[in-house]
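A.B. asks: Chain by chain, the residues:
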Amino acid sequence: MNFTIKLALKHILSSKIQSLLVISAVALGVLVIIFIPAINDGFYNELLDKTINTSPHLNIERYEDTGEITTLKVIDDKWFLNKDKTTLKDRRIQSYPSVIKNIKDIEGIMGASPIVVNSGTLINGEKKLNVQYNGVLYPEHQDVVDINKDLVIGSYKKLNPDGIAISRKIAEKLRLEYNDTVVLATSDSSKTLKVVALYDSGFVSKDNSTVYVALSTAQNLSNIGHQVDSVGVKIKDPWHIESIATQITYATGFEVKTWKDDNESLLSEIQSFTYVMFLINLTIMMAVAAGVLGIMIILINSKYKQIGMLKALGVTSKGVMKIFVLEGFLLSFFGALVGSILATLLIHYYNSNPIPISENYGVTDLKGVYKLSIYLQGIILAFFSGCFAAFIPSYFASKIDPAEVLKST
Amino acid sequence: MIETIALYKDFGTEETFITHVIKGISVTIQTGEFVSIVGPSGSGKSTFLNLVSTLQKPTSGQILFDNVDITTFKEKELAEFRNQTIGFIFQSHHLFPELTALENVLIPASIATKEPEFTNRARYLLQRVGLEQRENYRPNQLSGGQCQRVAIARALLLKPECIFADEPTGNLDQKSTQEVFELLKELNKELKTTIVMVTHDENLASQVPRTITLIDGRLQT
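Read top to bottom, the protein sequences are chains U and W.
Numbering-wise (the working numbering), the first sequence opens with residue 1 and increments by one.
Numbering-wise (the working numbering), the second sequence opens with residue 1001 and increments by one.
None of these hints come from the bench; they were simulated from the model.
Hints are not guaranteed to be accurate.
To be verified - In silico lysine-lysine, DSSO-like type, Cα no more than 27 Å apart, as pairs:
hint : chain 1 : residue 1 : chain 2 : residue 2
1    : U       : K399      : W       : K1074
2    : U       : K407      : W       : K1023
3    : W       : K1114     : U       : K318
4    : U       : K10       : W       : K1076
5    : W       : K1114     : U       : K6
6    : W       : K1076     : U       : K6
7    : U       : K305      : W       : K1057
8    : U       : K128      : U       : K158
9    : U       : K399      : W       : K1076
10   : U       : K305      : W       : K1114
11   : U       : K305      : W       : K1189
12   : U       : K407      : W       : K1074
Unchecked claim - Label pairs and their in silico Cβ distance ranges:
hint : chain 1 : residue 1 : chain 2 : residue 2 : range
13   : W       : T1113     : U       : S302      : 22 to 28 Å
14   : U       : S14       : W       : R1123     : 22 to 28 Å
15   : W       : T1016     : U       : I392      : 24 to 30 Å
16   : W       : K1074     : U       : E269      : 56 to 62 Å
17   : U       : I5        : W       : R1123     : 54 to 60 Å
18   : W       : N1120     : U       : I5        : 20 to 26 Å
19   : U       : I5        : W       : P1097     : 17 to 23 Å
20   : W       : K1175     : U       : I5        : 38 to 44 Å
21   : U       : I5        : W       : D1069     : 44 to 50 Å
22   : W       : N1136     : U       : S24       : 29 to 35 Å
This one's a predicted model, so the numbers in the text were calculated from it and none came from an experiment.
C-beta atoms are modelled at their ideal positions from N, C-alpha and C, and glycine is treated no differently.
Produce the complete structure using the sequences and hints provided.
C.D. replies: In structure tokens form, the structure reads like this:
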């Protein structure tokens, strides 16, 4: 075995307490910097998963004007301000089948379905509730959003022009049950519908206000003929949605709003939090490095005479440094290994006994993830801090004068 | 052959205070000689030994080792010189507590990455210093005299041309002192290794064929 490795290992084994202290410090640091991001990532992963999969990945809409357009007109040499209001009608898609036909050949599209969205009031006797009704085609909408996974009772197959699917929360508020009838009223008209399905998405905002009706029912209630508000699209890889969005805009001439556009603040928050998390991890590892540095200084100081002897026996300053940096490296390696194993066990224990959290975001259990990048980040930070902590005292130790340290008895 | 020419060594700086410790020593030590360096405390014995053994650099002057000026050596050359050409024995044995007697003897070979080819010689040397039964003992399981004998075996492992010994019996009792000294004499005779030994023990010095006396950093003629 190489002398440097052999002596480093001998030092580690002979200074058991110091070695255990270094390994424990590094292990503790690695445990924290793996466990916390694992829980954090678990939360955000589930949150994003729910966010991505509870609505279409992208919506094709007609260009939305900002509202009033003011222009100047000259009539009989006089200037007039002309205010042109863009109506809702103008912003709807007139022929959704042609839109779907135009995009069907774009690679990566899994499904497309028209949607009408409007607001109305659900009335059950004395009880009233303002809701957002989504007019959808079934089973086409199932190809865009997996609504069946949230189904509690009934079937979306029964979502005919006289049917309505409501959330369990809305049912509770209006004292409705499966197969009951309810009136959905809008400013233009109203219709009595039968509750054909109850769902529970876990998203409080959605469960409190969203109902599903047949596309034709929504069109009639909104008095918009055969127009629709948007065409919802599901794509294969929602994380790389931009190029498909561009292709769709090019193919249809309509505006495309992706789930990323709708959740810009959430994504930005996650990015900021990930950055903050990295800084916290760095700080933790700096604290660990300070601890390791203290122990390594004690360890190396106790070896000054040995360093002197090594130099007298023909080891260069660089060779002396190698021995002690290798010690720091090996101790950090064992620390990182122990820390990673402990973190894995802790995540496993935590996932077996998850802490229930508020359902506001649709995430009910806070679970940790086993992610390679998190482990690598922890291990690399541990390595650097351990080696750095060993490097400083090793550097000074390598500069000692052998005659000076060997003269004393 | 070791030859020093007008060797000077100062400590301190002009801003503080300069101490002239070695004041122009010129001396020649022939190959195979056993030389003791004696002198009163503070006469510069150990400093002189540190200079000729390359542990310290002289302020001025030359040290020729087989006609090569070793004061011009860079760190890598120095390390190789210390490893291959010379050996050290100090007042304290400076054995590595983590290693066994055999491993301690093998350190110079390990540094030179020649451990396998010198294992038999290390065992022979341990036998030669009377410790063949103790090769797997650690320093804390050996007596002071035994540790010093391991240190002698370590110094001899790579067949150095010269051994520098700084008060090698300073920490030993009278019996061990005589044993270690006899061993050094035998090895000098048997292996023809040059030995330069600093001692304040007049009895030992009187038993060495040649004695160099230093007084106030100068050779006493």
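A.B. asks: Are the hints correct? Go through all of them and say.
C.D. replies: Going down the list of hints, with the structure as the test:
With a CA separation close to 15 Å, the supplied pair U/K399 and W/K1074 stays within the 27 Å bound. Under the criterion of a C-alpha separation no larger than 27 Å, the hint pairing U/K407 with W/K1023 is consistent with the structure, at around 21 Å. Our distance criterion of 27 Å between C-alpha atoms is met by W/K1114 and U/K318, whose separation comes to about 20 Å. Proximity of U/K10 to W/K1076 is assessed by CA-CA distance (about 25 Å); at most 27 Å being required, the pair is judged to hold.
Taking the CA atoms of W/K1114 and U/K6, the gap is near 14 Å; set against the 27 Å cutoff, the hint holds. Annotation: proposed proximity of W/K1076 to U/K6 holds, straight-line Cα distance about 22 Å (limit 27 Å). A distance of roughly 20 Å separates the Cα atoms of U/K305 and W/K1057; the hinted pair therefore holds under the 27 Å criterion. In summary, the hint linking U/K128 to U/K158 is supported, as the alpha carbons are separated by about 24 Å, within the 27 Å threshold.
For the hint linking U/K399 to W/K1076, the alpha-carbon distance of about 14 Å falls within 27 Å, and the restraint holds. With a C-alpha separation of about 24 Å, the suggested pair U/K305 and W/K1114 falls inside the 27 Å cut-off, and the hint holds. Distance hint between U/K305 and W/K1189 is unfulfilled; the C-alpha atoms sit about 31 Å from each other, more than 27 Å. At most 27 Å may separate the alpha-carbon atoms for a hinted pair to count; U/K407 and W/K1074 meet this at roughly 23 Å.
Under the hint 22 to 28 Å, the C-beta atoms of W/T1113 and U/S302, about 27 Å apart, fit the expected range. The supplied range of 22 to 28 Å is met by U/S14 and W/R1123, whose beta-carbon atoms lie about 24 Å from each other. Our hint of 24 to 30 Å for W/T1016 and U/I392 holds, since their Cβ atoms are close to 28 Å apart. At roughly 59 Å, the beta-carbon separation of W/K1074 and U/E269 lies within the given 56 to 62 Å, and the hint holds.
For the hinted restraint 54 to 60 Å between U/I5 and W/R1123, the CB-CB distance of approximately 23 Å leaves it violated. About 23 Å separates the C-beta atoms of W/N1120 and U/I5, a value consistent with the hinted range of 20 to 26 Å. Between U/I5 and W/P1097, the C-beta spacing of about 18 Å keeps the proposed range 17 to 23 Å intact. Evaluation of the 38 to 44 Å hint for W/K1175 and U/I5 yields a pass: the beta carbon distance comes to about 40 Å.
At roughly 36 Å, the beta carbons of U/I5 and W/D1069 sit outside the given window of 44 to 50 Å. Taking 29 to 35 Å as the suggested C-beta distance range, the pair W/N1136 and U/S24 conforms, at roughly 32 Å.
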